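Asker: Chains as they are written, first to last, in our numbering: chain L, 1 to 275; chain D, 1 to 268.
Just so you know, these hints were derived from the structure itself, not from any lab.
Take these hints with a grain of salt, some might be off.
Said to hold, decoys possible - 30 angstroms max Cα-Cα, derived DSS-like pairs, lysine-lysine:
1. D:Lys-127 <-> D:Lys-184
2. D:Lys-267 <-> L:Lys-7
3. D:Lys-263 <-> L:Lys-7
4. D:Lys-191 <-> D:Lys-127
5. D:Lys-191 <-> D:Lys-267
To be verified - To give a feel for the contact side, a few chain L residues facing chain D, derived at Cβ under 8 angstroms:
6. Leu-12
7. Gly-41
8. Ser-43
9. Tyr-45
10. Gly-46
11. Lys-47
12. Gly-86
13. Arg-91
14. Val-93
15. Ser-118
16. Arg-141
17. Trp-189
18. Ser-190
19. Met-195
20. Val-227
21. Ile-233
Keep in mind it's a predicted model, so treat the numbers as computed, not measured.
We put the beta carbon where it would ideally sit given N, CA and C, even for glycine.
The primary structure of each chain is shown beneath.
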Amino acid sequence: MTSDRLKPVLLLGPLVLFLGLAYLVPFLGVMQWSVTLPEPGFSQYGKAVTDPLIQSVFFRTFRICLIVTFCAVAAAYAIAYVWVRGTPAQRLVTELCILIPFWISVLTRAFGWVALLSNRGLINTWLQAAGIISEPLTMVRNEFGVALGMMHFLIPFAVFPIASAMRSLDERVFLAARGMGASRLRIFWSIFVPMTLPGILGAGLMVFVFALGFFITPAILGGGRSVMIAELIYLRLFQSPDWGLGAAISVILMLIVAALLILMLRLVRPNKMLG
Amino acid sequence: MSMKPTPIAVFLAFAVALFLLLPLIAVVPVSFTPARFLSMPTDVWSLRHYQALLDNPAWLQSIWLSLRIGILSSVIATLLALMFSLGIWMFRPWFGSLLFGFVLLPMVAPPVVSAITLYFFLTTLSKVNDVVAYDTWVGVAIAHAVMIAPFAVVMVTVALAQVDRRIDLAARGFGASVSQRVFKVILPNIKFGIFTAFFLSFVLSWEEIGVTLFITSVDAVTLPRMMWMGLRDNIDPAIAAISVILIGIVITVILVKTAFTLKLSRKS
């Protein structure tokens, strides 16, 4: 029965082979760049860890990602709550507001923020017309703009795991708490929030991992001034052909993300996050 | 006691909803400015930036290129993902979860790492051929297929999870061959899942910019790449016009789909 043993291979093989050849082998090639260009050895890794300029990019990336993750998860919690537990009309409105930005490209969304925040943008035009400010406020080409744009991109992603945690709650627990005389606020803080904690943690870690690799939004809204890791890799590759260093930083980024993903799998069961 | 949201919670949620819609709304007035630079129209509204999209062949070419890349890459990704998911579902190999984790790699790795990896892949191939190469449309389509295949796998796997295994067992009991089971029993049951996987793949490829930026330079200018160039150099209001069109398409599709689901749920 050789043909029966062949069938799984015929079905599973093509995708595994395709990704092996087009992704795994080239990644090994990138790792090879990091230890051979411009000269063999681990000097590029040494540079990536000790160079003060690169260090500052790593610190900036972590700082922005932490702030963005915290704000995005808090905002996602509020909107997920009404999406899952609101009246049918509230649920329809929040669902549309979550889904529409979710399907719109990162470029269009970044551009929308430029149109809102730039010196001749919507907000400055209105504030000046209303006589509240005389000089336009600087809101893009700095970290404020980057953080706002990243938050906007990440909120919908944070909503899904939080909403699925909220959906799976057992209503009887709230009834019991009510019966024991707990107030609404107390039920919310002492029962509802702790019971959705796995969703919050899952969303937070996922958003943070996503944020670390962000490239387009910081590049457009940061305007080359608040460079983050991903943009640094791009610059090392194309502006100052320094492939070895770009590859070394990529491998470090991959290791950090892998460590965070393993932590995430330990904390939350993956099937719960997708559902 | 159903934990209905209080007015404060509803207010906060609608504040977030407004925040999510704000940049999409802001694009609209900018697209009607008569000025050459990014600004609000004051007295005169103008369609010149929409006209510019039609007049400049580069925009139409980039749309056509993105369409071709989107179709080729989603056909490859959906087909490979379908075979893979079927293999896991039908044969349940003991190393299945290991393989599953492997094929999801491009989805969980930071896009910039995938970008440099695919840059390495395509520039290496460039040395031996010029079809699947750096800065060619087939090269971009292959790279996109790598990036979207994991999403297609997730979609098809979710669809397969809904299929009742007993109908497949029954077919097998009656002596159906593997191909008969696949084509006559399983595929008709996951038609909708396959379509969703293809649709999602196409949208992801159509919007892809993180990887595309690394693997194209002057020849394969996709629509997102074209927008990126207009955003980086000096902000061209034609970007606002194309953005308004894209936002309009997305909103229409979502509204039609929502209306359709509401109608269905009323009937049942």
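Asker: Determine for every hint whether it applies to the structure shown.
Answerer: Status of the hints after comparison with the structure:
| no. | hint | verdict |
| --- | --- | --- |
| 1 | D:Lys-127 <-> D:Lys-184 | 44 angstroms, violated |
| 2 | D:Lys-267 <-> L:Lys-7 | 43 angstroms, violated |
| 3 | D:Lys-263 <-> L:Lys-7 | 43 angstroms, violated |
| 4 | D:Lys-191 <-> D:Lys-127 | 41 angstroms, violated |
| 5 | D:Lys-191 <-> D:Lys-267 | 23 angstroms, holds |
| 6 | Leu-12 | 4 angstroms, holds |
| 7 | Gly-41 | 20 angstroms, violated |
| 8 | Ser-43 | 19 angstroms, violated |
| 9 | Tyr-45 | 15 angstroms, violated |
| 10 | Gly-46 | 20 angstroms, violated |
| 11 | Lys-47 | 17 angstroms, violated |
| 12 | Gly-86 | 5 angstroms, holds |
| 13 | Arg-91 | 10 angstroms, violated |
| 14 | Val-93 | 7 angstroms, holds |
| 15 | Ser-118 | 6 angstroms, holds |
| 16 | Arg-141 | 11 angstroms, violated |
| 17 | Trp-189 | 12 angstroms, violated |
| 18 | Ser-190 | 13 angstroms, violated |
| 19 | Met-195 | 11 angstroms, violated |
| 20 | Val-227 | 12 angstroms, violated |
| 21 | Ile-233 | 5 angstroms, holds |
The structure fails hints 1, 2, 3, 4, 7, 8, 9, 10, 11, 13, 16, 17, 18, 19, 20 (numbered hints given earlier, in ascending order).
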